[in-house]
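Engineer: Sequence:
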Amino acid sequence: MGLRHGANKRIVRDRLFLFLSLSLIFLSVFLSIGFTSQASSDSSQDLVFNRDLVSVRILQDGRVLVDETISFTVLKNIEQLPLILRNPTEGNSQLQALEYFGSDTSENFVSIPAYDETIAQNFSYRSSSTLRETRLTLNLPLSPGQHNIHISYEWNRGVAKRDTLAIMEGPMSSLPVGLVVAFAEWSVQLPANLSIEDMKSVTISSTPFIELNKTENSIIYRSQGQLTVESKTALLLTAPRSAFSTLTDTTSQKPIPERLEEARGQINLLHNRVRMRQFLPPIIIISSIFSFSIWLLIAFLRRLPWLHSKRDHSLEIALTPEVYLKILMDKKNDGRDILSSLLSLMTKRELTWEDEIIVWNYPGRDDFSNFTAWEAYLLQWLFDPTEDPNPVLAAQRLRRETRGLQKHRDFQERYKSFQELVLNDFRQLGWVNRILTVFKRLSFQLLGLLDMILALLLSTYARSGWPLILLLPGLLLIISGGKQLTFTKHGYALYREMRVYLRNISSSQDLISNNEPGLTDVETVISALPRAVIFGKIEDFFAGIRDLDPRRFHRAAYALLHVYRSIPLPVWTDGPRSPLPNAEEMAFLKQELATMEEQIISWDALFRISLTS
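With this note's numbering, the residue at position 51 of the sequence shown is 51, and numbering never jumps.
One or more hints might be untrue.
Derived CB-CB ranges, DEER-like [what the hints assert, rightly or not]:
1. I609 x R275: 54 to 60 angstroms
2. I119 x T248: 38 to 44 angstroms
3. V177 x G404: 48 to 54 angstroms
4. N424 x R275: 54 to 60 angstroms
5. S443 x R275: 45 to 51 angstroms
6. H271 x I435: 46 to 52 angstroms
7. H271 x R57: 55 to 61 angstroms
8. R608 x S231: 50 to 56 angstroms
Honestly, the hints are just simulated from the structure, not real lab data.
Remember, predicted model here, so these are calculated numbers, not experimental data.
Note that CB positions come from ideal geometry on N, CA and C, so glycine has one too.
All chains should be modelled from the sequences, with the hints used to inform the complete structure.
Structural biologist: The following block contains the structure:
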């Protein structure tokens with residue numbers, strides 16, 4: 001019992017350390033994401049945009065002339081600069097001029113020509129057009145310092161009419177979406193016959209704008225703070241139709257006053273997104289930490305010895321079929337339960353392992369009353385007496401049974417049927433509280449679904465990738481929720497005892513001590529082999545056998561080889577206790593155990609490959 005409690009204390013200490021470590025890691029990661037992402041984005045920038053000045057001149061014939069000057073600071077050497085000419089709501093945007101001004105151009109704007117592969121060019125631009133925009137790529141080698149780009153373009157049908165009103169709606173920046181400008185200013189010059197008092201305007205932006213220098217027919221809009229360029233960043237103006245000479249009808253069927261109200265609604269949406277983005281980091285951090293904490297807490301609490309059993313369950317663990325213990329410990333279905341069940345059937349003398357094959361000793365058996373449903377199914381599945389009167393299981397036959405897509409699917413279906421029979425028997429043991437298990441699974445899956453819905457909604461609304469972080473804890477809760485088990489008091493005691501058992505499986509001496517006097521040493525190691533197989537601890541188990549003292553190694557090795565490999569026992573002259581083996585016999589036992597270990601590992605790999613490949 002001392003060894004058992006010592007191992008149990010190590011489990012608690014290790015799990016406590018793991019829980020605290022993971023909690024601190026998740027906490028530090030999520031708390032630092034906001035700072036590190038902002039710092040990395042700032043440090044990785046090659047450009048800082050200082051000003052974006054847009055001058056709009058509306059002509060009486062409905063054309064709109066736009067001059068835009070972009071001032072920026074280069075932090076690192078760059079070779080290219082992207083710009084985008086977005087089309088207005090009505091008409092197209094046509095490039096008129098593209099110029100550069102910097103510290104090395106004697107304070108004069110220098111025209112940037114279109115790319116021409118036939119001549120050498122220090123700088124140039126390439127363009128590609130779509131229905132909505134024209135993309136400009138400036139091949140402009142720039143060194144650190146202050147630089148300016150001047151771009152002129154025309155909206156050929158910038159102003160359109162509907163009923164008695166005229167409308168102009170167009171983008172107010174040529175910078176790519178997502179870039180931030182420290183300062184923006186839009187100036188509007190109306191036709192001479194149109195007064196500012198007759199005009200209505202809406203600045204569509206996530207940044208508020210104020211009106212400045214209003215005159216008879218001109219006005220300036222200046223940003224209050226930095227401007228984030230978005231796809232909807234635009235200026236909308238309405239005026240009387242009579243102020244213009246020739247206008248075309250709008251393509252939109254909506255009345256202009258209704259479009260004006262929609263634009264104001266877009267402003268509210270953009271402003272709400274900005275406010276939402278400010279609160280996203282704490283929302284995501286708190287939600288993620290909450291979800292991860294629930295998952296870690298449940299995983300941690302089930303491993304703590306809150307329920308102290310009044311009796312020792314180690315003997316019950318040694319006598320319980322290992323397939324039930326696998327479900328108890330929530331181990332994945334990898335085919336190891338097939339081989340472990342075959343080994344258990346060998347202890348009942350139902351199967352014999354001869355060389356490279358496994359033989360069913362009683363293929364004509366009709367009475368399976370002494371067997372569980374899954375044991376009977378396993379025998380009739382793997383040793384089908386209708387095909388062979390002397391059925392055997394060999395590696396070649398197993399490969400043949402799983403060769404081809406249809407055969408492989410049939411093999412998997414039969415394995416699922418075998419697992420379902422095991423699970424049905426497991427449910428009758430009373431180890432799991434079904435009501436609490438269903439409640440816990442639904443709670444996990446609902447919380448996970450809530451995280452995923454919240455991630456998608458916030459990401460869509462705020463136009464940010466931040467909320468997608470919630471997909472990770474959401475998926476974790478949904479996937480783990482389907483496997484959650486809530487044990488009864490007895491089931492929890494067995495779960496805790498099984499953790500100690502698995503800790504000690506590499507130490508055969510500890511296993512033997514825990515099971516005494518209920519089981520002898522040879523009974524303990526015989527029952528432990530199928531458990532070592534099903535939990536993937538074959539090497540650990542055989543290493544523990546080799547570490548036994550010579551007398552116990554002698555007994556344990558012969559017991560394993562006799563039960564599982566049908567090697568005859570020696571005649572011991574001192575009754576139940578074997579004498580100390582000589583060197584020749586020790587070498588023989590070690591060699592046979594090594595061969596047995598290799599063959600078990602081979603069968604183990606073969607069953608797992610048969611179910612996955």
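Engineer: With reference to the structure, classify each hint as holding or not holding.
Structural biologist: Okay, the hints, checked on the actual structure:
The hinted window of 54 to 60 angstroms between I609 and R275 holds, with their beta carbons roughly 56 angstroms apart. For I119 and T248, the Cβ-Cβ distance of about 40 angstroms falls inside the hinted range of 38 to 44 angstroms, so the restraint holds. At about 53 angstroms, the beta-carbon gap between V177 and G404 stays in the expected band of 48 to 54 angstroms. Take N424 and R275: their Cβ atoms lie about 55 angstroms apart, and the range 54 to 60 angstroms holds.
A beta carbon spacing of about 32 angstroms between S443 and R275 contradicts the range 45 to 51 angstroms that was offered as a hint. Our hint of 46 to 52 angstroms for H271 and I435 holds, since their Cβ atoms are close to 49 angstroms apart. Range check, H271 to R57: Cβ separation about 29 angstroms, and the 55 to 61 angstroms hint is violated. A C-beta distance of roughly 52 angstroms is found between R608 and S231, which places it inside the suggested range of 50 to 56 angstroms.
Going down the numbered hints, you'll see the structure goes against 5 and 7, while the others check out.
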